[in-house]
Amino acid sequence: MSAAASMPASRRAAEFRWTKLLPLALFFALALAFPFLPLGDRREFLLQIGFFTLVAGILALSWDILARSGQVSLAHAAFYGLGAYGSALLLRAGLPWGLALPLAALLAGGVSLILGAVTMRLSGMYFAIATLAFTEVLRTVIQNLPESVAGGANGMLVPALLGGNSRGQYLVALSLLGLTALVSLAVRLTRLHHAFAAIRQGEETARVLGVSVVRYKLAAFFISSALAALAGGLYAGKTFFINPLETFSLANSIAPLTTSIFGGLYTTLGPILGATVLRVAEELLHNSVKNGYLVVYGLVLMLSILWLPRGIVGLWRRGRHGGDL
Amino acid sequence: MELFLQTLINGLLQSGIYALVASGLALAVGVVGIVNFAHGEYLMIGAFLAWAGSAYFGIDPLLALPLVALAVFGVGALTYRVSIRHVLLAPELNQMLLTFGLGILLQNLALMIMGGNTRTVSTPYQASSLSLGELSVGGPKAIAFGLAVLILGALYGVLYRTTLGRQMRAVAQNRRGAQLIGIDVDRVYLLAFGVSCALAAVAGVLVSVLLFASPTVGLVFALKAFAIIVMAGLGNLTGVLWASVILGLSEALVQTYVPGGGGWSDAVFFLMIFGTLVWRSYQGAFFRRAT
Chain Y
6 MSAAASMPAS
16 RRAAEFRWTK
26 LLPLALFFAL
36 ALAFPFLPLG
46 DRREFLLQIG
56 FFTLVAGILA
66 LSWDILARSG
76 QVSLAHAAFY
86 GLGAYGSALL
96 LRAGLPWGLA
106 LPLAALLAGG
116 VSLILGAVTM
126 RLSGMYFAIA
136 TLAFTEVLRT
146 VIQNLPESVA
156 GGANGMLVPA
166 LLGGNSRGQY
176 LVALSLLGLT
186 ALVSLAVRLT
196 RLHHAFAAIR
206 QGEETARVLG
216 VSVVRYKLAA
226 FFISSALAAL
236 AGGLYAGKTF
246 FINPLETFSL
256 ANSIAPLTTS
266 IFGGLYTTLG
276 PILGATVLRV
286 AEELLHNSVK
296 NGYLVVYGLV
306 LMLSILWLPR
316 GIVGLWRRGR
326 HGGDL
Chain H
100 MELFLQTLIN
110 GLLQSGIYAL
120 VASGLALAVG
130 VVGIVNFAHG
140 EYLMIGAFLA
150 WAGSAYFGID
160 PLLALPLVAL
170 AVFGVGALTY
180 RVSIRHVLLA
190 PELNQMLLTF
200 GLGILLQNLA
210 LMIMGGNTRT
220 VSTPYQASSL
230 SLGELSVGGP
240 KAIAFGLAVL
250 ILGALYGVLY
260 RTTLGRQMRA
270 VAQNRRGAQL
280 IGIDVDRVYL
290 LAFGVSCALA
300 AVAGVLVSVL
310 LFASPTVGLV
320 FALKAFAIIV
330 MAGLGNLTGV
340 LWASVILGLS
350 EALVQTYVPG
360 GGGWSDAVFF
370 LMIFGTLVWR
380 SYQGAFFRRA
390 T
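Each protein sequence line maps, in turn, to chains Y and H. One point on numbering: in the numbering used here, the residue at position 45 of the first sequence is 50, and numbering is uninterrupted. One point on numbering: in the numbering used here, the residue at position 104 of the second sequence is 203, and numbering is uninterrupted.
Errors might be hidden in some of the hints.
Chain H stretches covered by chain Y per the calculated footprint, using a threshold of three residues with CB under 8 Å from any CB of chain Y [stated by the list, open to error]: (1) 185-192; (2) 197-211; (3) 364-377.
Everything labelled a hint here was simulated from the structure, so no lab data went into it. The beta-carbon is built from N, C-alpha and C at its ideal position, and this holds for glycine as well.
Modelling step: build the complete structure from the supplied sequences, incorporating the hints.
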């Protein structure tokens with residue numbers, strides 16, 4: 006946030022080379038090969054971990070896109086939840102997955118425009134708390150609606166994605182992560198990048214420079230929330246069952262935030278790498294410790310802020326910050 | 100009419116604890132300039148310490164209160180030394196996320212050690228009650244409210260009548276100015292943060308008697324404290340008291356008069372936070388000063 010702020014945008018743009026996409030391409034190549042490896046007895050389990058890692062990656066990267074516009078949100082659980090519940094309700098209405106998921110994403114995007122418009126003038130902790138409150142209101146409403154609408158506190162059943170075919174589900178998640186990465190790169194390589202960075206570094210200044218702050222902040226909200234809803238829909242399709250407490254849990258807002266900071270803020274590779282490392286660590290811990298495995302998230306978040314403010318991506322990309330891929 | 104008065108009394112009694120938690124948070128935000136997202140976790144530590152004292156040593160939670168306060172003051176001071184102090188000059192985002200991480204860490208450590216169950220503290224006066232005509236007030240509730248009022252009185256006495264209190268308020272108003280006239284700002288921060296945590300812990304002791312101790316008990320109270328300081332306006336310590344009473348009363352009213360109130364009262368309270376924040380943001384000046 007500091008060193009990059011002083012660097013002229015033109016220089017950062019000039020630094021772009023296609024070779025910088027290599028680590029990202031390598032990740033996707035490996036991820037694509039993964040379900041075709043001979044995984045042995047634990048194949049189902051490993052594919053499931055892989056699937057949720059991809060979902061975590063989508064959620065984190067979508068959060069990061071919003072954060073690039075200076076909006077540090079705690080409402081991602083809301084859009085994740087809207088994606089899950091939206092898909093579930095549309096499926097119940099008889100739509101196929103191929104329509105339900107994109108429609109749920111649009112729905113979440115639409116809701117995010119309202120939230121974004123209302124919280125337009127908030128920043129920092131106020132924005133964070135307002136978005137957190139929004140999520141809780143949404144959760145309480147769904148929880149207290151009559152059970153015939155969305156299952157109330159008991160939750161509702163969701164038809165499995167692709168009839169429960171693990172490899173197929175994994176590949177769907179991978180392609181949606183690919184889509185999210187493409188959107189993220191597009192944001193990075195177009196004028197959106199400069200607009201977001203300008204708003205993040207100083208809204209007043211950005212306005213003086215002629216950036217239409219309202220429009221760009223809303224755009225960030227829409228893109229980010231629609232993508233987060235895709236992650237929520239995938240989650241619903243894999244677990245067959247959703248309930249308000251888990252889907253709208255604060256943990257779903259914290260995880261993308263921690264993941265992005267740990268991996269490397271404002272980058273495409275960072276949140277994806279962060280999700281991979283953290284999810285795997287979480288699974289390992291989950292097996293050995295029953296309660297409180299989220300301890301890792303707290304510790305990682307604290308240590309990253311204190312000693313690794315640029316995330317793991319920053320370990321090898323010295324000297325640049327805030328505009329990396 | 101009785102029901103209405105009873106509701107008002109319950110709401111008022113509840114607001115004592117809210118005011119304790121919120122004044123602590125207001126101290127951290129106002130003096131140190133740190134929005135402590137882990138504030139509720141110090142409450143949780145206080146509640147568990149009170150429970151442990153009662154379960155293992157048979158000490159009444161209310162007698163253990165000064166000890167718990169002192170212990171958590173120490174924990175808070177330590178937290179300041181090893182973490183908060185290093186991000187004082189960092190962007191607000193980093194400070195916020197650091198305390199956020201701390202909160203997750205503490206909460207899940209508690210989950211790991213204590214498990215997810217709630218633990219109740221039993222006291223001889225648990226079932227006692229005072230009756231005033233047709234109205235009745237739970238004994239523990241009344242004691243908790245009395246203690247909260249006492250402690251808040253002491254806090255405001257210190258803030259407005261002693262040198263240390265003046266120093267704290269000076270630092271809250273202007274960090275650099277305070278430093279220029281020779282106030283040891285770092286020391287003031289340490290004390291303010293420690294006191295902030297101790298206040299949360301005191302509330303935690305009361306919560307352990309009234310409610311229970313559990314790893315997640317702090318979150319709700321921390322969120323309510325946020326709502327209160329946001330309603331009061333940053334750094335406005337007397338506003339905290341009024342806002343606590345408003346929140347306590349409105350919660351009690353919703354619980355009594357809205358059908359299925361228990362479930363909806365959370366939504367009402369979060370709507371209040373959301374509404375206040377948004378409303379304030381369109382008033383302007385308040386937020387420019389705060390950021």
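Which numbered hints fail: none
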